[in-house]
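*Asks:* So the protein lines, in turn, are chains A and B. For the first sequence, this note's numbering assigns the number 8 to the initial residue and increments by one for each residue that follows. For the second sequence, this note's numbering assigns the number 8 to the initial residue and increments by one for each residue that follows.
You may find that some hints are simply not true.
One copy or any two copies: either way a pair holds, since identical chains are not told apart in the list.
[As the list claims (entries may be wrong)] Lysine-lysine pairs mimicking DSSO-like chemistry, simulated, CA-CA at most 30 Å apart:
1. K137 to K296
2. K50 to K296
3. K186 to K137
4. K317 to K210
5. K168 to K50
6. K50 to K317
7. K114 to K374
Don't read these hints as lab results, they were simulated from the structure. What you are looking at is a predicted structure, and each value in this text was computed from that prediction instead of being measured.
There are 2 protein chains.
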Amino acid sequence: MPFQFDLIKKDTATSARLGSMTTAHGAVQTPAFMPVGTQGTVKSMLPEEIRNCGAEIILSNTYHLYLRPGHETIQNLGGLHTFMNWPGPILTDSGGFQVFSLGALRKITPDGVMFRSHIDGSRHFLTPQKAIEIQEALGSDIMMCLDECTPYPATIAETEKSLNLTAAWAQLCKNSKKKSEQALFGIIQGGSYLDLRRQSLEKTVPLDFDGYALGGVSVGEPKEIMYKITDAIAPLLPADKPRYLMGVGTPEDIVFGVSCGIDMFDCVIPTRCARHGLLFTNSENVVIKNARWREDNNPIDENCDCYTCKNYSRAYLRHLYVAGEILAMVLNTIHNIHYYMRLMRDIRQAISDNGFTKFKEDFLNKKMTL
Amino acid sequence: MPFQFDLIKKDTATSARLGSMTTAHGAVQTPAFMPVGTQGTVKSMLPEEIRNCGAEIILSNTYHLYLRPGHETIQNLGGLHTFMNWPGPILTDSGGFQVFSLGALRKITPDGVMFRSHIDGSRHFLTPQKAIEIQEALGSDIMMCLDECTPYPATIAETEKSLNLTAAWAQLCKNSKKKSEQALFGIIQGGSYLDLRRQSLEKTVPLDFDGYALGGVSVGEPKEIMYKITDAIAPLLPADKPRYLMGVGTPEDIVFGVSCGIDMFDCVIPTRCARHGLLFTNSENVVIKNARWREDNNPIDENCDCYTCKNYSRAYLRHLYVAGEILAMVLNTIHNIHYYMRLMRDIRQAISDNGFTKFKEDFLNKKMTL
Numbered sequence: 008m009p010f011q012f013d014l015i016k017k018d019t020a021t022s023a024r025l026g027s028m029t030t031a032h033g034a035v036q037t038p039a040f041m042p043v044g045t046q047g048t049v050k051s052m053l054p055e056e057i058r059n060c061g062a063e064i065i066l067s068n069t070y071h072l073y074l075r076p077g078h079e080t081i082q083n084l085g086g087l088h089t090f091m092n093w094p095g096p097i098l099t100d101s102g103g104f105q106v107f108s109l110g111a112l113r114k115i116t117p118d119g120v121m122f123r124s125h126i127d128g129s130r131h132f133l134t135p136q137k138a139i140e141i142q143e144a145l146g147s148d149i150m151m152c153l154d155e156c157t158p159y160p161a162t163i164a165e166t167e168k169s170l171n172l173t174a175a176w177a178q179l180c181k182n183s184k185k186k187s188e189q190a191l192f193g194i195i196q197g198g199s200y201l202d203l204r205r206q207s208l209e210k211t212v213p214l215d216f217d218g219y220a221l222g223g224v225s226v227g228e229p230k231e232i233m234y235k236i237t238d239a240i241a242p243l244l245p246a247d248k249p250r251y252l253m254g255v256g257t258p259e260d261i262v263f264g265v266s267c268g269i270d271m272f273d274c275v276i277p278t279r280c281a282r283h284g285l286l287f288t289n290s291e292n293v294v295i296k297n298a299r300w301r302e303d304n305n306p307i308d309e310n311c312d313c314y315t316c317k318n319y320s321r322a323y324l325r326h327l328y329v330a331g332e333i334l335a336m337v338l339n340t341i342h343n344i345h346y347y348m349r350l351m352r353d354i355r356q357a358i359s360d361n362g363f364t365k366f367k368e369d370f371l372n373k374k375m376t377l
Numbered sequence: 008m009p010f011q012f013d014l015i016k017k018d019t020a021t022s023a024r025l026g027s028m029t030t031a032h033g034a035v036q037t038p039a040f041m042p043v044g045t046q047g048t049v050k051s052m053l054p055e056e057i058r059n060c061g062a063e064i065i066l067s068n069t070y071h072l073y074l075r076p077g078h079e080t081i082q083n084l085g086g087l088h089t090f091m092n093w094p095g096p097i098l099t100d101s102g103g104f105q106v107f108s109l110g111a112l113r114k115i116t117p118d119g120v121m122f123r124s125h126i127d128g129s130r131h132f133l134t135p136q137k138a139i140e141i142q143e144a145l146g147s148d149i150m151m152c153l154d155e156c157t158p159y160p161a162t163i164a165e166t167e168k169s170l171n172l173t174a175a176w177a178q179l180c181k182n183s184k185k186k187s188e189q190a191l192f193g194i195i196q197g198g199s200y201l202d203l204r205r206q207s208l209e210k211t212v213p214l215d216f217d218g219y220a221l222g223g224v225s226v227g228e229p230k231e232i233m234y235k236i237t238d239a240i241a242p243l244l245p246a247d248k249p250r251y252l253m254g255v256g257t258p259e260d261i262v263f264g265v266s267c268g269i270d271m272f273d274c275v276i277p278t279r280c281a282r283h284g285l286l287f288t289n290s291e292n293v294v295i296k297n298a299r300w301r302e303d304n305n306p307i308d309e310n311c312d313c314y315t316c317k318n319y320s321r322a323y324l325r326h327l328y329v330a331g332e333i334l335a336m337v338l339n340t341i342h343n344i345h346y347y348m349r350l351m352r353d354i355r356q357a358i359s360d361n362g363f364t365k366f367k368e369d370f371l372n373k374k375m376t377l
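So that you can see chain A by itself, here it is in the shape it has in the complex (with noise of 0.2 Å):
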């Protein structure tokens, strides 16, 4: 089944929209959040738990699997999905982020990347080819162009120089791709400048990706320049594919930017947060490790209803954390992934009930005054 992207509504007062994705294993409702599988499993969770907890598709990281266990060997194995027993929706990204981020182990060449592998410092050329290589013999249901994740801060120059390798790769991404059933999306970047933003938009748009994303906004920038880019740039992407903001964020960052038409979200915040004891409500969050948990029998949140609240208490779940059991990340992690697909289900009644702008400033004035 190729891929397909639905636009049901569009909000009347901000850019929010409600929309549907059909991929080649299965529908994604969106504004969609995906859960981080980095190495072929979201940390701690069994697929059921993720399914569980209402996520659709979730995120694997091709960096990571290539170097271990390898793309061939999962290829082999039957794909990332058979590989990993989930069944539903996979998007994959291409790689850069993570070798961009080795800092002094790569070099950044016209053709591609070379990089030193974290694990072993073996020597790797990553290229646009390559990416896409990869991530057709993982199977995935969405492939990421190999992109320049341009730092922050950079330079006009150095953005403009970074802007236009990622378009060159992005046009390479697209010539090699062979799967027909597999998406390929494309990336904006063009750092902190709105100008070489659109700049970056107008070079890629015109190759006709299945979906677009935001790069390069989370890398470090302050929080006002992310929402700056997001704001101007989201409406202008083409309103009848997704667009996804890449490595975002936090509630109130995903609030925000469903509100300037973003369909697509990924983020570690959910389960590293859940695996060092932050767990998130709609009211205050919950450190559990606070000893005034100690003897608390209620749930993180008494309005939730995920596994961890409908059976286990504050004072469980701090014993837990405190004494360093396994159990803890697992309990945690269903939470917060539960919280992150309440909010998305919340945010997605919210503009089918063209209620969404109300939504977006009572959950935001909450969050801002505790």
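Using the hints provided, position chain B relative to the given structure of chain A.
*Replies:* Chain B only, in chain A's frame:
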């Protein structure tokens, strides 16, 4: 509901028995294996997963829960069953074994044992009365008397002194027990000396406990001694009460113990081995990190119907283990606990079918030829 043990069947060729225990939190078919939930959690497992593997009763450790989060805290939160969301039967040990394992951090007196916490160095005094008070606060279904776990090796004089202390404490435990819905088991000590084991038994059985355990049989002595003691002493225990071989053991040890008339076992082997990547099968055990599984698309055991074997390949489990993923521990533990539970079902079926002698021979031959 008062504790009850029903002897359903006795094997004719061996001392193996089929039975059923009734506790305040449900029934347990024997011979039974109790997964160990040291700190109020069977490491890495949800209660539903424990139950789905076939476990009917778990063990939890008084020493750990007394120190953290504290037995009074657990009592205030509704007791251990509610606290950890395990509605089934729980056996708690007395805390003695862990305290004696502290070595230089503890000092034994006729009234009890003074020790320092391994967590914060705080001083505590564990008496027979206190051991019962803690277990009554936890609300376990089966409590154990505080015993002195005689180390190996120990002289005859040391062992005799030790078993006398254990017998005196057993009487104090019995006297201080207040709650009728919680069963209390006595513990036979006597080290590696058969006549001292008999002496301990003669002092303990007249106190009329709800069941009896062989203690100090898994404390570093050669396996032949553990087998000799179990073989000689288990059949001398009252036939109408459950018999518990503490801290045992490997699958082979369990099959042997059953043939001696043991009804209950507990051990950290399945869970600890799982976390270290050793996976049990009825043929060769699997060391999952081994490079030979890199592209192996088969389950751990093609004859196993556990969740892990039904859904994941050796290659995926190896990948998770090598990558240090939490899910490796989750999936490996599910398999090993399921393996132990299937072993117990097979044992019970064999006794029921008058085929236990053949089962034992086949099982031990298969394991020993590997």
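*Asks:* Take the hints in turn and mark each one as holding or not.
*Replies:* Hint by hint, here is what the structure shows:
| no. | hint | result |
| --- | --- | --- |
| 1 | K137 to K296 | between (44 Å within a copy, 29 Å between copies) |
| 2 | K50 to K296 | both (20 Å within a copy, 19 Å between copies) |
| 3 | K186 to K137 | within (14 Å within a copy, 69 Å between copies) |
| 4 | K317 to K210 | neither (50 Å within a copy, 48 Å between copies) |
| 5 | K168 to K50 | neither (36 Å within a copy, 52 Å between copies) |
| 6 | K50 to K317 | both (21 Å within a copy, 20 Å between copies) |
| 7 | K114 to K374 | neither (42 Å within a copy, 54 Å between copies) |
The structure fails hints 4, 5 and 7 (numbered hints given earlier, in ascending order).
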